[in-house]
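> For chain A, the structure is supplied; the task is to place chain B on it using the hints.
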Amino acid sequence: MSLTFSLAHLLGGIILLCAFLQLSQRRLAAMITLYQAEALVLSAAAFWQGFAQHEINLYLTGIITFALKAVLLPWGLREIVLRFNMVRAVETALPMAVSMILGLALIGIAVLVVLPTTMSSISLTREDLAIALSVVLLGLLLMIVRRNALAQIIGFLSMENGLVLAAIGMPGMPFVAEFSVALLVLLAFLVVGVFLLRIREHFDTLDLSGLEKIERRGR
Amino acid sequence: MRVVGNSIGLMFGLPGQGMHLHLDALSLLFGCILLPQVVAASVAGMRASVAFWAFVLGMALALLAADGFTLIFGFELMSAASWLLVMQGDRKPATLYAGVAIFSGACLIPALFLPASSLAFVLVALGAGAKAGLAPLHSWLPRAHPAPPAGVSALMSGGMVKVALYVLIRYAFINLAPAQQPWWGEALVAAGALSVLIGALRAVLEVELKTALACSTVEHVGLITVGLGLALYAKAIGDAELSGVALQAALLCAVAHGLFKPLLFIGAGEVKHATGTTSLNWLGGLMRGMPRLGALMLLGAAGMAALPLGPGFAPEFLLFHAVIGAAATGGILARIGFSALLAVLGIGAALALAAAVRVIGLGFLGRPRSLHAAAAEDLRRGPFVAMALLGALAIPVALVPGLLLDLLNPVIMLLAPEAQTPPLAYAPVTLLILAGLAALAAGFVQTRWGVRGLREVPAWNGGFGRPPAWLPFGDPHTQASATGFAEPVMRVMGKGLLGAGMTDPAERFLLTPLFRVQTRLIRLAERVRRATIRERLAFVFAVLVAFLLALGLGQGG
Chain A
1 MSLTFSLAHL LGGIILLCAF LQLSQRRLAA MITLYQAEAL VLSAAAFWQG
51 FAQHEINLYL TGIITFALKA VLLPWGLREI VLRFNMVRAV ETALPMAVSM
101 ILGLALIGIA VLVVLPTTMS SISLTREDLA IALSVVLLGL LLMIVRRNAL
151 AQIIGFLSME NGLVLAAIGM PGMPFVAEFS VALLVLLAFL VVGVFLLRIR
201 EHFDTLDLSG LEKIERRGR
Chain B
1 MRVVGNSIGL MFGLPGQGMH LHLDALSLLF GCILLPQVVA ASVAGMRASV
51 AFWAFVLGMA LALLAADGFT LIFGFELMSA ASWLLVMQGD RKPATLYAGV
101 AIFSGACLIP ALFLPASSLA FVLVALGAGA KAGLAPLHSW LPRAHPAPPA
151 GVSALMSGGM VKVALYVLIR YAFINLAPAQ QPWWGEALVA AGALSVLIGA
201 LRAVLEVELK TALACSTVEH VGLITVGLGL ALYAKAIGDA ELSGVALQAA
251 LLCAVAHGLF KPLLFIGAGE VKHATGTTSL NWLGGLMRGM PRLGALMLLG
301 AAGMAALPLG PGFAPEFLLF HAVIGAAATG GILARIGFSA LLAVLGIGAA
351 LALAAAVRVI GLGFLGRPRS LHAAAAEDLR RGPFVAMALL GALAIPVALV
401 PGLLLDLLNP VIMLLAPEAQ TPPLAYAPVT LLILAGLAAL AAGFVQTRWG
451 VRGLREVPAW NGGFGRPPAW LPFGDPHTQA SATGFAEPVM RVMGKGLLGA
501 GMTDPAERFL LTPLFRVQTR LIRLAERVRR ATIRERLAFV FAVLVAFLLA
551 LGLGQGG
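First to last, the sequence lines map onto chains A and B. Just so we're aligned, residue 1 is where the first sequence starts under the working numbering, counting upward by one. Just so we're aligned, residue 1 is where the second sequence starts under the working numbering, counting upward by one.
Derived from the structure by calculation, the hints contain no laboratory data. Hints are not guaranteed to be accurate.
Said to hold, decoys possible - Sample of chain A residues at the chain B side, in silico, Cβ under 10 Å:
1) 105
2) 111
3) 140
4) 152
Unchecked claim - Some chain A residues well away from chain B (every beta-carbon gap over 10 Å; in silico):
5) 3
6) 7
7) 25
8) 33
9) 36
10) 48
11) 57
12) 81
13) 101
14) 127
Stated by the list, open to error - Pair ranges (Cβ atoms, derived):
15) 72(A) - 544(B): 22 to 32 Å
16) 515(B) - 85(A): 50 to 60 Å
17) 544(B) - 85(A): 33 to 43 Å
18) 554(B) - 196(A): 33 to 43 Å
Ideal Cβ placement from N, Cα and C applies to all residues, glycine included.
Only chain A is shown next, with the shape it has when bound in the complex (with noise of 0.2 Å):
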């Protein structure tokens, strides 16, 4: 019993590691490895939940987890940064080290709600809940602190998989929830992909800075 636990945790924590690694890299190219690096890891926790949990449905979550967000999505969003010639750095809105800083305070801030908040739960969720909150503050965070439009899906996406983490996390929780959410993102990254298209059409690139400009020059 004392391995399930370990290993839920220890997979818990590479996966924050990734979110948290993603706030640091200006490169397009790196954040999409270590975003499949991320969606891996939860793949591989998936089938370790369904095997410590004994629940078929979980297996059937990572093997779409690992198809959807492994493979699938990474490969598309490698395309679109080769369409779009994006190899360089993409610009930040906020310096680098003060949105780890922010990160680090926001992981603080997950700990310090989840862990007193359910006191009377076993374990297992309690850890799980705090790493999953975790990767979802990241996520939103990393969609805030950068400029791009694909860095902000990356963010998205980063979100995402923290709710997945959570969902695997919780024992008896039903696997429609969990479809129908990676059924959202993958809607969520069609329409994001066309509207990024849109946007290339008409401004010849994906930098939302000008487009704030104008936002802010009045409409």
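For chain B alone, kept in the frame of chain A given last:
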């Protein structure tokens, strides 16, 4: 329509309740104040206006209401209709007026349904006071009242203000009586004294005739409120005689003001009709071209200045009596306060006299300052009938106020059941007879022992220079202008109270900060509208983090 108890229920209004009308002594008194003004205003030319009759209907409903809903309905109908009428005259004050009306409604609606408490009184005083033009919420009145046609101005100044005061009286004296405190009366006295001072001062300084009259309305509302406040104070501390005298003063002042102020406003409208302007700097010499208007305006101005033998004297006399009586009661602070009030009222009376002298002396006497003023024709028939009616009704108020006070007794008994009403110690008829006897005696002495025969001397022309040949009416600049006449008052009091820009302190300390807050809010709203997606996300994120932080700290602590 059905009769329930002593009130009449109407078949419309709130579902399941209807509206209830009820006539008691107080409603009757204010109805009687209102009636001649409505007749006069309709005769003076407002007969065909739908908004005018809606305005009258609203006032009547507010006066006759037996329940809170009917009262608010009538009050707001009155506000809305008068807003329409103001907007017909001028758009800019109409917006300010609508703002004040909304404020007063927002204060009154909760107040009318609260249980009797100090909070309810404060809300009623704010709501009704804003509508009545009580300082410091008075600055809209000199802007909005002159805007509409003269008949409506007359009814707004003489009638609408009274309806607001009626609401204040009904709630402060009857509905909220179980919870009454002495400080209610003191607060009303303070607001009234401030109104008297500001209103009278601005009435001397304003150049526009109608604006000056509106400022004088602020002053008279202040006088009435001082009387009401004294009565409320006396009722709370159980001083029967003081409350009686103060109520007599307040109610009689309301009656007198309801007659001479509409008279003056209709007269101002006629001045505008005849000369095209109401600016005192362009009038003058109207007494020659418009003798009937001049005589009636003289009567009204005598009331406005509270001259002895005029309609405004008896109430002011009673009010001074009441204040002197109040100064003899209570602790040392009350004595000092009421003595200071006496001084303020004295200054107010002097300024009111100056304002009336200025209106008559600069508008109706002297030389015409413009060709229009020189060529003015006398009153048209409708306004003349209206003014004559009001003037005729003002004469009994001026000459037999004692009889009128006896008629007021039931109202006073209703408002303050234990009040004592001493007979009036001022007998204008006797005074008039004595003055007449003295004049007769002087005439007799002059004819009997005076200088006989005629002597030809050059007429003294008031110190004017000879009119140049190219100006047939004389150079208007050789006589004092309205601004020049007010200059000494401006130098002594105006600079200190109104500041160098001659703006109302209420505008400086109330409207300007409000305007600044509005500008800031608009900027904030614009900033939010223009926020980028990232900024909106960051805001939501910050709120989420703050929430989580609060949750975590709350749980951990």
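> Flag every earlier hint the structure violates by its number, smallest first.
Hints that this structure does not satisfy do not exist here, as all of them hold.
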